[in-house]
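Combine the two chains into a complex, taking the hints into account.
The chain contents come next:
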Amino acid sequence: MDSLQSYLVIAAILFSMGIYGVTTRKNAVAILMGIELILNSANINFIAFNRFGGMTNLDGHVFSIFVIVLAAAEAAVALAIVINLFKNVGTVDVNEADLLQG
Amino acid sequence: MAENLFLIIAALVIASAFWVVFSPNLIHSAVSLLFTLFGTAGLYIFLYADFIAATQVVIYVGGILILIIFGVMLTNRIDTPSIAASSKNQFIGGMGAFTICALQIGVIFNTPWHIGAEQSRETTVSNIGNLLLNEYLLPFEIVSILLLAALMGAALLSRRT
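The listed protein sequences derive, respectively, from chains F and W.
So for the first sequence, our numbering puts the first residue at 376; every next one is plus one.
So for the second sequence, our numbering puts the first residue at 176; every next one is plus one.
Same shape as in the complex, but just chain W (with noise of 0.2 Å):
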């Protein structure tokens, strides 16, 4: 049951996120990758990261989601029906892309992983205010500060002079 829970996501994943690279339809990608970000938040609980996998809903499809498609609909004329995304140089960078596919899937293949004793499955979330707040303080300050002057930056930048 759970084995084929995970293909059909890794599956939906997969072909999602090919979806919004491959799209002729710049709207169709940006809904393409709403079934890539659920997907992926679908992995981090299989792989017991419940914190991440509701952050990953609320804040990438939540949040980074509806900013892409706001963005989509604001740098478009409304007068063309289809918001068309035009791709260039598609064989190089196939091309690309492909080799360095295959490359990581030999090593991933060639390495021999430490593999480690089987995590315990209980809630992460006391486990990351500890460490964010104890270890992780000062990183986490920084990156706070970050996103503050990140969100004010882009409010100046995109307001009407």
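The shape of chain F in the complex, shown without the other chains (with noise of 0.2 Å):
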């Protein structure tokens, strides 16, 4: 069970459930949702590859720090940008942010 292939197979999985949540959802705040799990599998990948491809130093480590550095830069600027398109818009649905359609 504790192979390369099932944490590949989780990490698949984790990320086309992302993928799902980013196209279907119509609430701003649930497609960051779906974006925090794709890049979750993202450094499920890092590490496990890290540790079973026989690595001698933890360079996939390193990689899924600046990830999650990244992830936390993404969420604080999307949130910031969600709040403000519902004070201006009242609302966060996607499909109503049409200010710049001309």
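Rather than coming from a laboratory, the hints here were simulated on the basis of the structure.
These numbers come from a predicted model, not from an experiment.
A hint or two may mislead.
Listed next, the in silico DSS-like pairs over lysine-lysine satisfying Cα-Cα at most 27 Å (straight line) [what the hints assert, rightly or not]: (1) 462/F <-> 401/F; (2) 263/W <-> 462/F; (3) 401/F <-> 263/W.
Covered, in the sense of this in silico footprint (three residues per stretch, anywhere, with C-beta under 8 Å from a C-beta of chain F), are these stretches of chain W [claimed, not checked]: (4) 238 to 247; (5) 268 to 282.
Non-contacting residues of chain F with respect to chain W, defined by C-beta distances greater than 12 Å in every case (computed) [to be verified]: (6) 430; (7) 473; (8) 475; (9) 476; (10) 477.
For each residue, glycine too, the CB sits at the ideal point set by N, CA and C.
See below:
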């Protein structure tokens, strides 16, 4: 059970769940949750390849730290944008956010 | 014992991720995301990544998830009893996601992966610190400036003018 493939399959399922959430949800915050799922699945892949790929040092761990930092920055900026959208339009439905549409 | 624990954690991660994207209530999605993130930290512990597991709990659960719950609370009317999260194009999205999942699983089981020697089970903190401050010093500095700029930009964007 504790093999490379089992971790990769878990990450693949998480990734496709995230893709489903990003493509079907209408609420902007729910889309953010899907993006977090996708970033988590990428992190699982990094750590799994670092553990099973016969690497002598911990490059995969450093990469996943960078991914976590970028996820934090992305969540902060995206939520600021969503809150501003709610203040200006009164909704966070991404279908209603068509101010830039001519 | 460890096998059963691994199966339980994997089932927890997948089931709660399923509920994150399918729950009709946005608060339920956010709480379900909590279990996904904790389960992912458990998977990191199975992969001998103790520092990443602790970072996952501290930053994702303690930071990003709280931020997302604040986002849910601040962008919905308080008087609506259940904060609804409707979905659209479920059939097309589901087919696309299922196709991606099937493709990935097919590739995973048909690729002859290079499996190296067993890693030693020792603490990873000092090795990660050495890597971050020697080999990855420039990316480390760039990512810290990026995080500072992003947080300042977020504070500037969301302040009341």
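request  = State the violated hints by number, sorted upward, taking the hints as numbered earlier in the document.
outcome  = Violated hint (a single one): 6; every other hint is consistent with the structure.
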